[in-house]
Amino acid sequence: MSDLPVNLNIAYLAQGTIRLKTGLEPARTLESVYGNTIRERAVRAQQKHSWKAGGDADGSPFSGAMVWGKAAVNQHVPLAVTSICGGREAGGLIYSFESGGLCALLEVQQLGAEEKRLWNDNRTRIRHVTVSRDRGDLAFSILHENNTANLGVKLHGEGGVKELTEGDSFDTAPRWVPGGGRKLVFQSAGIGRNRAGHFLAIGPFGIQLLDADAGEMTTLLEDPQYDYLAPQMLPDGSLLYIRRPYSGRERLHPWRILKDTLLMPFRLLYAVFQYLNFFSAMYTGRKLTSSGGAKAREMDLKQMMVWGNLVRSQQPGRPDEESADLVPASWQLFRRSPQGAEKALAAGVLAYDINDQGQILYTNGNVIFLLHPDGRRERLLAERMIEQVFFVPG
Numbered sequence: 000m001s002d003l004p005v006n007l008n009i010a011y012l013a014q015g016t017i018r019l020k021t022g023l024e025p026a027r028t029l030e031s032v033y034g035n036t037i038r039e040r041a042v043r044a045q046q047k048h049s050w051k052a053g054g055d056a057d058g059s060p061f062s063g064a065m066v067w068g069k070a071a072v073n074q075h076v077p078l079a080v081t082s083i084c085g086g087r088e089a090g091g092l093i094y095s096f097e098s099g100g101l102c103a104l105l106e107v108q109q110l111g112a113e114e115k116r117l118w119n120d121n122r123t124r125i126r127h128v129t130v131s132r133d134r135g136d137l138a139f140s141i142l143h144e145n146n147t148a149n150l151g152v153k154l155h156g157e158g159g160v161k162e163l164t165e166g167d168s169f170d171t172a173p174r175w176v177p178g179g180g181r182k183l184v185f186q187s188a189g190i191g192r193n194r195a196g197h198f199l200a201i202g203p204f205g206i207q208l209l210d211a212d213a214g215e216m217t218t219l220l221e222d223p224q225y226d227y228l229a230p231q232m233l234p235d236g237s238l239l240y241i242r243r244p245y246s247g248r249e250r251l252h253p254w255r256i257l258k259d260t261l262l263m264p265f266r267l268l269y270a271v272f273q274y275l276n277f278f279s280a281m282y283t284g285r286k287l288t289s290s291g292g293a294k295a296r297e298m299d300l301k302q303m304m305v306w307g308n309l310v311r312s313q314q315p316g317r318p319d320e321e322s323a324d325l326v327p328a329s330w331q332l333f334r335r336s337p338q339g340a341e342k343a344l345a346a347g348v349l350a351y352d353i354n355d356q357g358q359i360l361y362t363n364g365n366v367i368f369l370l371h372p373d374g375r376r377e378r379l380l381a382e383r384m385i386e387q388v389f390f391v392p393g
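In terms of numbering that gives the first Met the number 0, the numbers along the sequence shown are unbroken and rise by one, the last being 393.
In short, the hints are calculated from the structure, not lab data. Cβ coordinates follow ideal geometry from the N, Cα and C atoms, glycine included. Among these hints, one or two may not hold up.
Claimed, not checked - Distance windows between CB atoms, simulated:
id	residue 1	residue 2	range
1	116	234	49 to 57 Å
2	216	177	12 to 20 Å
3	374	146	53 to 61 Å
4	42	213	48 to 56 Å
5	218	192	39 to 47 Å
6	144	215	26 to 34 Å
7	263	193	45 to 53 Å
8	268	77	43 to 51 Å
9	213	192	26 to 34 Å
10	213	43	44 to 52 Å
11	339	264	38 to 46 Å
12	42	158	26 to 34 Å
13	329	234	27 to 35 Å
Put together the whole structure using the sequences plus the hints.
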């Protein structure tokens, strides 16, 4: 495993936390000052009102909220970083953050020495934030409760957020196009619903080009057999993207239908058992079963939601093994020239980034690699459940 050059810094998102590796130093977790402030406020509020869970005025420990399990409320406040990108200046990062119903955009400067809140809201959920190095404008996807997602922007110097796309689609993973004007490339998929309007499936992702100034949209790539993901346009007009086979609707197999029918009573009993297991853990602190343990936790670590799909580890290997891909080799990174010629650059790619020197940083979900313009590949580090990777501007 090689170390980064001294002047090269990278950041990656793993299990809801920002990890930062600078040169020869080992990777470290970048703590959110704003997130810690939110947690401290919530804990103080819980402590202030803790008398409500302490029983009635007669002091009986079995009365009031204790009977209803409120005394077992966990004071831990969930905090999660939902996306990251390289910042506007050297040593900078921008990330989106969620805690309960709160979402915020924050900017980190000087490799974590300073942090500034750019925006926050109690109703909006943001993913895949990206910044224009030329103008400082931010773009991202906004998730809605009806399972749709639209592109949103926050223009530099303005306080509000506005949506650029609409409709029954899932628009996400935007990237600013280099050059003049406000143009974005992004992945977009239609949403299938039944007659009652309930969500059924997401169609294949294609790549769209949006000219925000002119209000025009152009389809760059689409194919019913493939998903085209995470597009990024280079200054010479080339397009980078991840291509994977589309697996929207599974075919109905007679044997699978028969198997599901026979197993239905057992699955129903299992569901009832898990329901009772939950209440046993809440009120007594003990589960009805002691099975699972470290092995069960290991399986939980090997799956996460990425690009609208639940992905699971394809190999049983450890994360320090190069073969421990979280995604299969069919997830390929391609480069498409302005003339339309395609070239596969790497296989088993979950996320990637490219810098001004043409170096490509990519991950298979458990390992991060550095791909040089001459095709030489370096293995940088291994860590579980890596969701996004980015170069930190130098």
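Evaluated hints:
| no. | hint | verdict |
| --- | --- | --- |
| 1 | 116 to 234: 49 to 57 Å | violated, 32 Å |
| 2 | 216 to 177: 12 to 20 Å | holds, 19 Å |
| 3 | 374 to 146: 53 to 61 Å | violated, 40 Å |
| 4 | 42 to 213: 48 to 56 Å | holds, 49 Å |
| 5 | 218 to 192: 39 to 47 Å | violated, 22 Å |
| 6 | 144 to 215: 26 to 34 Å | holds, 29 Å |
| 7 | 263 to 193: 45 to 53 Å | violated, 22 Å |
| 8 | 268 to 77: 43 to 51 Å | violated, 31 Å |
| 9 | 213 to 192: 26 to 34 Å | holds, 31 Å |
| 10 | 213 to 43: 44 to 52 Å | holds, 50 Å |
| 11 | 339 to 264: 38 to 46 Å | violated, 55 Å |
| 12 | 42 to 158: 26 to 34 Å | holds, 29 Å |
| 13 | 329 to 234: 27 to 35 Å | holds, 29 Å |
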